[in-house]
Every structure is written in structure tokens, then in C-alpha cells.
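Participant: Sequence:
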Amino acid sequence: MLIAVLSCFILACFAPWLHRLGGRHSGWLLALLPATLFAYFASMLPTISQGQSLQFAYAWFPGMGIQLSFLVDGLSLLFALLITGIGFFILAYGGRYLEKHKDLGRFFVFLLGFMGSMLGVVLSDNLISLFVFWELTTVTSFMLIGFNHEQEDARKKAHQGLMITVMGGLALMTGFIMLGMAAGSYELSTILNSDGLTEHALYLPMLLLILLGAFTKSAQAPFHFWLPNAMAAPTPVSAYLHSATMVKAGVYLLARLNPGLGGTDTWLLMLTLFGALTMLTGIFLASRATGVKKVLAYSTVMALGTLTMLLGLGTETAALAAVTFLLAHALYKGALFMVAGILDHSAGVKDFTQAGGLRHSMPKTTVVAVLASLSLAGIIPLFGFVGKELLLEAVLSASKWHIGLTIATVIANILVVLVAAIVALQPWFGAVVETPKKPHDPDIALLIGPAVLATLGLVFGLMPFIADKGLLAAAAGAVYGQPVELYLALWHGINLPLMLSLSSLLLGLLLFKVWSGWRQLTNFMHSAEKIGPEVVYERLMLGMTQFAAWQTNTLQNGYLRNYLITTLGTVIIVVGWALLRVNQLELNISFQDMRVHEVAIAVLLIFSALIAVLVRSFLAAVAMLGALGFGVALLYVFFSAIDVGITQVLVETITVLLLVLVLYRLPEFRSLSSTANRIRDAIIAGMTGLLMTILILAITGARQLEGISDYFLQNSGPLGHGRNIVNVILVDFRALDTLGEIFVLALVAIGVYAMIHLRTGALPVTNSDRRAAFNLRRTQKDKAKADAKAEADASAVASKGEE
52 MLIAVLSCFI LACFAPWLHR LGGRHSGWLL ALLPATLFAY FASMLPTISQ GQSLQFAYAW
112 FPGMGIQLSF LVDGLSLLFA LLITGIGFFI LAYGGRYLEK HKDLGRFFVF LLGFMGSMLG
172 VVLSDNLISL FVFWELTTVT SFMLIGFNHE QEDARKKAHQ GLMITVMGGL ALMTGFIMLG
232 MAAGSYELST ILNSDGLTEH ALYLPMLLLI LLGAFTKSAQ APFHFWLPNA MAAPTPVSAY
292 LHSATMVKAG VYLLARLNPG LGGTDTWLLM LTLFGALTML TGIFLASRAT GVKKVLAYST
352 VMALGTLTML LGLGTETAAL AAVTFLLAHA LYKGALFMVA GILDHSAGVK DFTQAGGLRH
412 SMPKTTVVAV LASLSLAGII PLFGFVGKEL LLEAVLSASK WHIGLTIATV IANILVVLVA
472 AIVALQPWFG AVVETPKKPH DPDIALLIGP AVLATLGLVF GLMPFIADKG LLAAAAGAVY
532 GQPVELYLAL WHGINLPLML SLSSLLLGLL LFKVWSGWRQ LTNFMHSAEK IGPEVVYERL
592 MLGMTQFAAW QTNTLQNGYL RNYLITTLGT VIIVVGWALL RVNQLELNIS FQDMRVHEVA
652 IAVLLIFSAL IAVLVRSFLA AVAMLGALGF GVALLYVFFS AIDVGITQVL VETITVLLLV
712 LVLYRLPEFR SLSSTANRIR DAIIAGMTGL LMTILILAIT GARQLEGISD YFLQNSGPLG
772 HGRNIVNVIL VDFRALDTLG EIFVLALVAI GVYAMIHLRT GALPVTNSDR RAAFNLRRTQ
832 KDKAKADAKA EADASAVASK GEE
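Those letters in the sequence shown? Residues 52 to 854, per the numbering used here, in order.
Not one of these hints is a red herring.
Okay, derived cross-link-like pairs now, PhoX-like style, lysine-lysine, Cα gap no bigger than 20 Å in a straight line:
(1) LYS415 with LYS401
(2) LYS415 with LYS488
(3) LYS151 with LYS488
(4) LYS581 with LYS207
(5) LYS488 with LYS401
(6) LYS415 with LYS489
(7) LYS345 with LYS581
The hints are simulated quantities; they were obtained by calculation from the structure and are not laboratory data.
Build out the structure end to end from the sequences listed, making use of the hints.
Facilitator: In C-alpha cells:
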């Protein structure tokens with residue numbers, strides 16, 4: 052299992068090389084991994100279908116009780132199969148769709164990393180590891196959305212999605228910590244079986260924080276706007292995000308935590324309210340959009356809201372409806388987004404109003420688009436019809452607010468039919484409209500993915516028992532918290548859900564007839580968008596930028612004097628106030644053991660500091676600072692810290708030399724500050740010195756435990772095998788700290804070397820480039836010599852002619 056999850060990250064490391072090896076077929080080559088993973092997870096179906104679960108655990112941070120554990124049950128297996136199955140088609144599709152893109156190898160790196168991150172999210176049994184994979188999906192999706200980073204719009208939309216999901220991720224992390232504290236464990240399998248979580252004092256705050264994380268990830272209102280804007284990503288990314296991966300991560304988390312945190316009035320209110328609002332908002336915006344990807348993106352927002360609403364209901368029927376609707380949506384939405392890419396790739400169509408009559412030139416694509424759209428509309432005998440029937444049945448049988456939820460669902464279904472009709476009819480039928488490119492059906496690499504997914508929607512609709520095979524029942528049981536009985540059927544007789552479905556179908560088709568009028572009727576949304584959540588987000592970002600500019604100009608203004616005054620003033624106020632509040636402050640002051648040389652060094656240090664402040668010569672001030680540094684080195688030597696003393700001497704020597712070389716070039720000493728400023732600086736400096744002295748004396752006088760120096764003295768030989776204690780501390784006891792310092796210095800050295808030597812175009816990269824550059828220089832030299840000789844000959848001829 053660990054290899055299965057990490058294999059995507061491992062393959063991502065080799066993806067650019069494999070792309071160069073495979074050429075235009077590299078997508079198929081890389082798709083072998085998700086195909087293998089799909090077979091691996093499918094082999095677990097017999098066990099999971101019997102209601103059992105599989106657990107895998109690997110030591111990660113055993114000292115903190117954190118392990119890399121995985122849980123495979125019906126819910127996680129359903130998601131894993133969708134991620135790998137659809138991922139197979141997306142890799143093949145993306146390799147051909149972007150075959151002429153110069154950064155296709157980088158695209159494969161991000162996509163495989165994203166696939167591995169999603170597998171980690173849905174399979175993790177530990178909250179900490181789940182959060183790590185959760186944030187990895189945020190980072191990799193940011194890379195994918197901003198893949199065309201040369202475009203300002205792509206960068207802006209990627210940044211928007213990153214900011215919103217990171218904000219939710221921070222809330223989610225806090226909620227997870229609270230959940231682990233309340234349950235006494237970070238293992239999901241333990242948490243879901245815990246009793247009393249809903250009565251715990253931390254239940255409300257941790258629930259709200261977890262919901263914020265899930266809502267931002269799954270684009271619930273009012274955070275829904277980032278998802279349609281993520282259409283700046285290439286179409287293969289959009290198809291993957293919307294069908295099986297990132298945007299459903301929040302829905303997965305809510306479904307996973309439902310047995311432990313669900314069932315309360317707060318859970319019911321939050322999920323049904325925000326879910327229904329998101330459902331209506333998404334489908335309403337989809338009904339008025341004309342961009343191909345925008346329409347599909349807003350319909351995804353609708354689906355995510357529907358799933359959230361169903362999870363909020365918490366009934367057995369709602370759990371069954373959620374997993375069925377989830378599978379149906381993954382199939383038709385993955386197909387439709389790939390069809391949208393085909394429209395752009397093969398006909399140059401990005402807007403539904405710019406296409407018509409394409410069924411003649413793109414018959415195969417037309418069939419696929421119509422099949423997937425019928426499932427979106429919930430038309431019998433497609434699998435979407437089965438999901439819609441269960442959805443209506445779930446809201447009709449809700450324990451609370453069933454009338455309002457039913458009305459909202461019917462309204463949403465009417466607009467869904469309108470959107471499905473737009474997708475299924477507008478580009479393919481009617482009068483032929485001239486397109487930017489000559490339309491044609493694409494090759495198999497682009498068409499096989501949407502064709503298979505759309506066909507599965509038809510097969511599962513005609514034979515729902517194939518879609519079940521125990522998997523959907525096991526997934527519904529994981530959501531509901533106990534085993535459920537699932538019987539999927541295409542026909543349940545004439546009942547209220549069927550009548551509502553037929554009414555939605557008729558009204559939706561009528562609305563399609565007046566689609567242009569509907570868009571004009573809803574033009575008021577242009578005014579409403581000026582005060583919408585996206586505008587609020589933009590103003591918050593603008594306010595943050597303005598605040599950053601203000602604090603930079605005020606606090607980080609480049610004046611060292613201001614930095615020191617602010618820092619030292621803060622220390623004086625905060626630490627001084629803390630010392631004043633101490634009831635009995637004991638200062639350990641004793642001069643009994645003072646020796647003559649120690650007194651002499653102390654006098655030298657004080658004298659050097661005073662002279663450095665009072666002299667009016669740069670060189671004299673530098674000399675006094677050097678004397679101060681050498682005096683400190685003497686202290687180290689007399690107290691047996693010879694290594695530190697040597698280091699101090701070297702540092703002071705180099706510093707003095709550098710300062711002398713620099714200050715020698717400066718003009719004569721001038722008073723650049725007023726007398727008042729110097730008095731202020733002297734007061735702050737004196738108070739800081741006095742405060743540090745009192746603080747050190749108080750700490751040494753109040754010490755109750757043995758100093759760590761005793762430990763180093765006793766263990767330097769037995770543990771570090773060295774007699775030089777300073778060296779043992781640096782190399783053994785503080786090895787990682789020293790390694791970090793070495794690493795930082797190495798980075799600085801590399802940076803300095805790069806700035807000095809690695810100028811753009813200065814050195815060829817490969818041997819062939821070097822040879823080409825050498826030949827070019829030789830040719831230029833030969834040409835220059837020939838030109839000079841010709842000019843000399845011409846001058847000689849001219850001179851002879853004059854003679």
C-alpha cells in the first residue's frame with residue numbers, strides 16, 4: 052500500500068525523461084502506472100464488498116504516536132478506483148492534447164504528484180498524514196492551475212485558489228488537532244468508533260474549523276468562485292479536478308467524518324444550508340454562462356453542493372444517494388470536460404454561442420457528448436437517472452425541512468436539464484456555424500477517455516447491479532456508519548420522485564427554448580456580482596497589500612537606527628514589565644572571586660566602548676571596536692574556551708580589516724543626527740544594557756536546576772569520544788544545528804558563485820553547444836581577418852594609384 056501511494060511521486064521524478072523517451076506517446080507510457088494501481092485496488096473488491104476493511108500501518112514518528120497508516124473500506128476504495136481509473140484516461144488524453152507544449156514533461160510531474168496526493172488523502176487513516184497529503188493537493192493543484200504561467204490570468208487564478216484553500220487548510224489543521232485531543236487518538240478508524248465526540252466541549256469549534264477546511268476545498272458558497280476561475284488550467288487538469296480529485300476532497304472528508312461528527316443539529320444545519328445554497332448558486336450561474344468550461348465548472352459547483360446537502364441529511368437513503376450521485380457525476384463530468392477540450396482542440400470552440408451543426412463533421416464526439424449530457428440531465432436509461440431518483444427520494448424523506456429542500460432540488464434539476472440541453476444540443480445540432488478551426492473528430496488518444504466514461508454511464512444505467520457489486524453498498528455503509536442495504540434499479544414504478552423528475556425535464560427543455568431570453572432576464576446578476584464574494588476577496592487582497600505597503604514604509608523602511616530603536620524599545624517594555632512584576636527579585640552580585648586580570652579586561656571593555664562612542668574619527672572608532680572584540684576573546688581564553696576565543700579573534704580581525712578598507716574611502720566624520728537623537732539613543736542603549744545585566748543576574752541567582760554544561764563535561768568523552776568539549780558539542784550534541792549552518796553557508800557560496808560566473812549565455816550547456824560556440828567564434832575571427840586583409844589590400848591599391 053505504501054508503494055502504491057508513493058509510486059506516483061516516484062514516477063513523477065522520472066516523468067520528464069520518460070516524456071523525452073516516449074515522445075507523443077509518453078502519455079500512454081505514464082498511464083501504465085494508474086492502470087496498474089487500478090488493478091491493484093480492484094483486487095480488494097471481494098474483501099470490501101463483504102463489508103470488511105483493510106488497514107496498513109508504517110512507523111513514521113513513533114515518539115509522537117504518529118504513523119503512516121492507511122484504511123481501505125468502501126468509501127476510500129470507491130475514490131481510489133475513480134482517481135486511478137480516470138487518471139489513466141487523463142494521462143493519455145493530456146499527453147496528446149498538450150503534445151506540442153514545450154513544458155509537457157513538467158505537466159506530467161505535477162499531474163502525477165497530484166494523483167499521488169489525492170490517493171494519500173482518501174486512503175490515510177491518520178489525521179496528520181491526511182493533512183500532509185491534503186496540503187500536497189493544494190500545492191500541486193496550484194502548479195497545475197498556473198501551468199501556463201506566462202499568462203497573467205493563469206497566475207492570478209492559481210494564486211486565488213491557493214489563498215482560499217490554504218486558509219481553509221490552516222483551519223482544518225487546527226480542527227484536526229482538536230479532534231485528536233477530543234478522541235484521544237489521531238487514527239480515523241479509532242475516532243469513528245469513539246463515543247461522546249458530539250457531546251465533547253471541543254465539538255462545536257472543531258466542527259466549524261473542519262467544515263471551513265472542507266467547504267473551501269470543495270468550493271461551497273461563498274467560496275465557490277475559485278473553482279470556475281480555476282478553468283485557467285489546461286483542459287486535462289480541469290477534467291481531472293472536477294471529476295475525481297481535488298474538488299471532491301472536501302466531500303470525501305465530510306463523508307468520512309459523518310459517523311463520528313454527524314447526526315447533530317449543527318451538522319444538519321450547516322451542511323444542508325450551505326449545500327443547498329451552493330447547489331442553487333452553481334446551477335443558476337451555469338444556466339447563464341456561455342463559455343464551454345465555465346458552464347461545466349458551475350455545474351460541478353452544483354454537484355458539490357448537492358453532495359454536501361445529502362451528507363448533511365445523515366439518513367441511510369441520503370448516504371446511498373450520495374455515493375451513487377458521486378459515481379454518476381464522476382463519469383459524465385470527466386467525459387464532458389474532455390469533450391470540451393476536443394471542441395477547443397479540433398474546432399477552436401470555447402463558447403457555446405460560437406458553434407452549431409458540428410454533428411456532421413464530428414459525429415463520434417457528438418455521440419459521446421450527447422450520452423454524457425443525458426446522464427447529467429438524469430434521463431432514463433442513463434446512470435444519472437438512478438442517482439437523481441435517489442436524490443429526490445432522500446430529500447423527500449428528510450427528517451427536517453424536507454419541503455424546502457425538495458423545492459430547492461426540483462429548481463436545481465430544472466436548471467440542470469437546461470444546462471444539459473445546452474451541452475448536448477447547442478454545439479452539435481441546428482444550423483452550421485463557422486468555427487475558428489476546421490472541425491474534425493480527434494484521434495483515439497483524445498476520444499477514448501470520454502467515450503469509455505460516457506458508455507459506462509449508459510451500461511451502469513441499464514444494468515445498475517454492475518455498478519454496485521457490493522462496492523456502493525460498502526461505500527454507503529462507511530458514510531452512514533453502519534451496514535446498509537442497497538438495491539439499485541432503473542425503474543421503481545410511478546412514484547413522486549419520478550413525477551418530479553419528469554416535471555423538471557419538461558420545464559428544463561422549455562427553458563432551453565428561451566435560453567437567450569433567460570440570460571437577458573437574469574442580467575441583474577451583473578450588478579450583483581459587484582458585491583459578490585469574489586469582489587470581497589479581491590478587496591481583502593488589496594487591503595492586505597496596502598497594509599503590507601504601510602507597515603513596510605513605517606517599520607521596514609531601511610533605516611537600521613529605526614530597526615534597533617523599535618526592537619530594543621519593545622524588549623525594554625516587555626521584559627522590563629515582566630521583571631517589575633516579580634515579587635522577590637534576587638540579583639546574584641558578588642566580587643569576591645574577581646582576579647586582577649579579570650578586572651583589567653573589564654576596564655578595557657568599558658574603556659573601549661566609551662571611546663568608540665565618543666571619538667569623532669571613523670578609524671579610531673573601528674580600532675576601539677576591535678579592542679572591544681579582542682577583550683571579549685581574552686575572556687574566552689581565560690575561561691578555557693580557547694576554540695571560541697580563536698574564532699572571536701579571527702572574526703574581529705577580518706571585521707576590522709574590512710571596516711578599515713571601507714571607511715577609508717568615506718568622507719570625513721560628520722554629525723548626521725541631532726543632539727536630542729543622540730541623547731535618546733544613549734538612553735535606550737543604557738536601559739538595554741542595564742536590563743540585560745539585571746536579567747542575567749536574576750537568572751543566575753534563581754537557577755534551581757543543574758546547567759547543561761555539566762552534562763557536556765560528563766558525557767563529552769563517554770558519548771562523543773572527544774576531549775575537546777566545544778568540538779564535541781558542535782559535531783555530536785548539536786550536529787543537526789551545525790549541519791544546518793553549513794548548509795546555509797553552502798547555499799550562500801553557491802549563490803555568490805552563480806551571480807559572479809554563471810551569466811546568461813556566458814557558457815554553453817552541452818558539448819555540442821560548446822563546439823557550436825567555438826566554431827562560431829572561429830568563423831567570426833576568420834571573417835574579421837579576411838575583412839582586415841581586404842581593407843589593407845584596398846588601402847594599398849589606393850595608395851599605389853595616388854602615387
